[in-house]
Amino acid sequence: MSLADLGWAILFLPLISFVITVFLTRSRPKLCGYVTIAAIGLAFLASLVVLVRVVAEPVGTAAENQASYNWVNIPGLTESLTLSLGVAIDPLAAFMLVVVTGVSLLVQIYSQGYMAGDPGYSRYYAFMSLFTASMLGLVLANNLIMVYFFWELVGLCSYLLIGFWFQKPAAAAAAKKAFIVTRLGDLGFLVAILWLVFNVDPAGPNGLNIAFLNEKTTLDLIAGAGLTWAALGIFAGAVGKSAQFPLHVWLPDAMEGPTPVSALIHAATMVAAGVYLVARMFPLFEAAPDAMVVVAFVGGFTAIFAASMGLVMHDVKRVMAYSTVSQLGYMMMALGVGGLVAGIFHLFNHAFFKALLFLGSGSMIHGTGTQDMREMGGLRRAMPVTFITVLIASLSLSGIPPFSGFWSKDEILADTLGGHGNVLLFALGLAAAFMTAFYMFRMMFVAFGGSFRGPATAQGGHTSGHTSGHAIHLDQSHSAHAVGAHESPRVMTVPLIVLAILAVLTGFLNVNGWFGGLLEEGYVVHFNYGVMASSVVVALAGIFLAYAVYGAKWISAESLGRAFGPAHKWLTNKYYLDHLYEGVITRGAVIGICAVLSWFDHTFVDGIVNGVARLVMAISGGVRKAETGRVQAYALVIFAGVLVIMGLWMLGLPNSVSGWVAKP
Amino acid sequence: MPYLTIITFLPLVGAIAIALLLKRDDARGIKWVAAGFSLVTFLLSLVLVFLFKTNDPMLQAQFVERANWISVGQFKVEYFLGVDGLSLPMVILTTLLGFLAVLISWKISLRPKEYFSLLLVLETGVLGVFTSLDFFLFFLFWEVELVPMFLLIGIWGSGRREYSAMKFLIYTIVGSAFMLAGILWLYFASSPNTFDMIALGQGSVKEGANLIFLLLFIGFAIKLPMVPFHTWLPDAHSDAPTAVSVMLAGVLLKMGGYGIIRICVTILPDAAKYFAPALLILAVIGVLYGAAVTMVQKDLKRLIAYSSVSHMGYVLLGVAALTKIGLVGAVLQMFTHGTITGLLFMVVGLIYDRTHTRQIPELTGGLAQRMPVIAAVFTVAGLASLGLPALSGFVAELLVFIGVYEKYQLAAILGASGIVLTAGYILWMLQRVFFGEFNPKWSDLTDAVTVERVAVFTMVVVIVLVGVAPAVVLNMVNTAVPTIMARLGS
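Chains as they are written, first to last, in my numbering: chain S, 99 to 762; chain A, 1499 to 1988.
Chain S extracted, bound-state conformation (with noise of 0.2 angstroms):
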């Protein structure tokens, strides 16, 4: 088989699990699950083959390992139209794969156990296989359009996931909320595409090819404003998927679907997607330098922006989500800073170590019936699984030498320095990893520290919220089962343990460049020893500060946040941007313009039409009186009338009025 007919292959598995999922198996859910595993675990394989063989035989560009198919075909000498659908495989590609595959199998084989018993288990694993398969649509794309396509549907899953539990009114409102603020971010990439197809050839069928927009004949072509424009077009798209400042708010909400979800889709893939599209299109980034700059600030800001959220949140769900905003700030600061190798591989390990500590968290909530960090407590002794494999993810997040994200942390901070850098990103970096290494040591002092501090009488507290309809506090009608906490099945802590290993390993894949070498020709990894020390530093300082507070309770968390008191107020109300969003624009600005029109519509406009409706009718009233049944009368108005036209005739009306009509 060629790479692109594996690439289709692959694309199709998870989308035939999808189809007997919902047309065959809906009523036997274990089987669902067995099915949607069975068929990611193939993709997964069909991945790890590609991945090796992109590695064996470098294939260069994605250029030449694509099939396309047409989809829209409208054809003629002028103004004639093709858009395709067609995969393409590069190095990037295939490791986005085996990211995606990967990730997705873990998450499937571990939501057997979380999402055992759910009366909608059927429904989630169909609801799953369609991500992925649209995940893997966007990834192997050849072309803007169908990444669109697959970009949407994406979308279209993370709605339908997060609205998991649509009865919980929270998940309802935050599914909407996600699928609205990212189609914001959509429009600019649509408007991009449009302006692309006109200033691309539109008649080839390379019509929107990646590989032919990258190309520097076709860049040299439309450089100029136009394309910065299409950069940030593009990159609104991006900022909306990828949860970036101003578009972010959507994905902390987004944590109201079920825990794996926010592991697969909002931590390790699908929000990983804008990253990887500007990563896709980077030779065009790079042809458009403004825009760059744009998407590194864009991206540094977000970083430190999101961190300083994640400072104050007791949700360990809510912690982890601002956290992924803040990694996805690095990645973007990276590509924005010229750092093609050092975003990807960032993106790389972060999948690996946030869908672990996502599944953690998950596992944490499972055994705890609590997402609140204060609730929990004690949970080293009894959950040891989770918690050896949640302090390596957050060892591994806070930048902790050997663990992955170490490398990739560093290297996007030595990309600051470099050449397309500036300090003040450098600085912005370097602070984010400060709160980065305090947040996360925050949670795992106060969850897994101390002792357990959850309701003693838990039990009586389960409730089965998905059938009698009652809103649920929970993530699920998870509630400890017994007094304290207990850990998860092996169905879980086996994804979990698998995970652990790849956030200690991945990190050396870059160690000689070989990473970086397969994306990038003419790669070298440089290692700055000040920026590895600084940043080491920096995250000692921050795990020491989170024990003061936390572990040893040196320094009380009252008092720190008493002595913070306007900046703790505007970090637990996330900067009052929902209030913004929320009340201000779309209940205040939006709704209420609509409102107005409405009012308007029903007026004036329609108001009129009966109005003329009503004036007619009083006239006719009155007319019918004229109607006498004498003819002298008549015979009267009869010569008015030919006396006015007369008239109107002799004045040359006519004339005037066929002149009107005649010529435009």
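Calculated directly from the structure, the hints in this document are not laboratory data. All figures in this text were calculated on a predicted structure; none of them were measured in a lab. Virtual Cβ for every residue (Gly too), placed ideally from N, Cα, C. There may be inaccurate statements among the hints.
DEER-style ranges, computed between Cβ atoms [as the list claims (entries may be wrong)]:
no., chain 1, residue 1, chain 2, residue 2, range
1, A, Phe1955, S, His666, 53 to 61 angstroms
2, S, Leu741, A, Thr1503, 49 to 57 angstroms
3, A, Thr1503, S, Lys723, 45 to 53 angstroms
4, A, Pro1870, S, His666, 42 to 50 angstroms
A partial selection of chain A residues facing chain S, derived with a Cβ cut-off under 8 angstroms [stated by the list, open to error]:
no., residue
5, Ile1668
6, Ala1790
7, Gln1867
8, Trp1926
9, Pro1968
10, Asn1976
Using the hints provided, position chain A relative to the given structure of chain S.
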């Protein structure tokens, strides 16, 4: 074989059969006869798709049937039927929705004999509009459709049904009056003097082209409906029975778009170019204004009606750009809007049958838990409406945007921004009606029954099919556009 005559008049034959042969109280028999006739009509129209030649773009019309009908001196009216790539998709849409409208009316108990007869007469009227190639015949069919619509809304409607029926009738007749004036003027102003729409589409108009264009356009714009002539639509929809809403949104509005393309643009291309910028502005206003007004509607049917105003704005937008891709997009948008909005109205009907309300604040309360199938179908239709890829709306809107962007970038961007508003009102509606905490007052509700499932699943299949493989419609549409573009001189 006179396919088009058979297809056009088969529903009418069914109507006559029901009226003459069946007993008033034989509701079962009436329904089956209506379903049978409309199903055969649909299947026959599918046969046309397979016989339709897509490889010869110079072919003006296919399945032509032609005979002298009225001949007074020079004044000659023909019985002249034929379809091309523009009208055939509309014919399919009409026969499909005609059949499903019967299925979705299965629970009608008030005077079923009259109801189903009128429904079938309506179908013949609309089919006649799409198959006529004689302008006079076209106008006759255009008027024929009014009578059953008026009666169906006025008798089987709800709420202020008489007001709404009358408003629909008067509004459309005012439009028809302008149109008739335009038709007659066109007859005398054109060379040759003829009602033959193909000949008109090749000939030229001596004088007054702009005024003729306006007269005809007003008739079509009211039907489309174009802002500001749209206020009859929400009233008609909110008081019409379900099947009539389906036909109204699904195919009757398309008569407006069809007329604009077939007549205004093809016969009067210079006038079309002259007015295009104005139409473009009105279209953008329609898209955004319609979407904004939709956002705050509380009645589900009014909500979908206003969303139709917005989505039909895309049709006008695609046409007004006068580009090939825009035209193709507009025709595809007519087809997909027919299926999507038809489905939306069907599902609203199913909800109304069960809850006896269409007010969103009253419905609020997790209906999805009692009617998962209805909720799922409504979600699919809603997603199609907001232009989700793999469903039919996306392709059509994308083509409209591309086609408009070619000439008018700002209009395309403004039009495209409608997709954000659409996502807003669709998802907000779904959230309020189906999701959230369960309201115990809906405990006794039931999900869709078999006949309803057949109807809605058929629509879902069509929506997915066109979304995944748009070629099934595009191959037809592609054959019609070169002729029109040639008229426009490009």
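Cross-check of the supplied hints:
no.: 1; hint: A:Phe1955 with S:His666: 53 to 61 angstroms; verdict: holds, 54 angstroms
no.: 2; hint: S:Leu741 with A:Thr1503: 49 to 57 angstroms; verdict: holds, 53 angstroms
no.: 3; hint: A:Thr1503 with S:Lys723: 45 to 53 angstroms; verdict: holds, 50 angstroms
no.: 4; hint: A:Pro1870 with S:His666: 42 to 50 angstroms; verdict: holds, 45 angstroms
no.: 5; hint: Ile1668; verdict: holds, 7 angstroms
no.: 6; hint: Ala1790; verdict: holds, 4 angstroms
no.: 7; hint: Gln1867; verdict: holds, 6 angstroms
no.: 8; hint: Trp1926; verdict: holds, 6 angstroms
no.: 9; hint: Pro1968; verdict: holds, 6 angstroms
no.: 10; hint: Asn1976; verdict: holds, 6 angstroms
The structure shown violates none of the earlier numbered hints.
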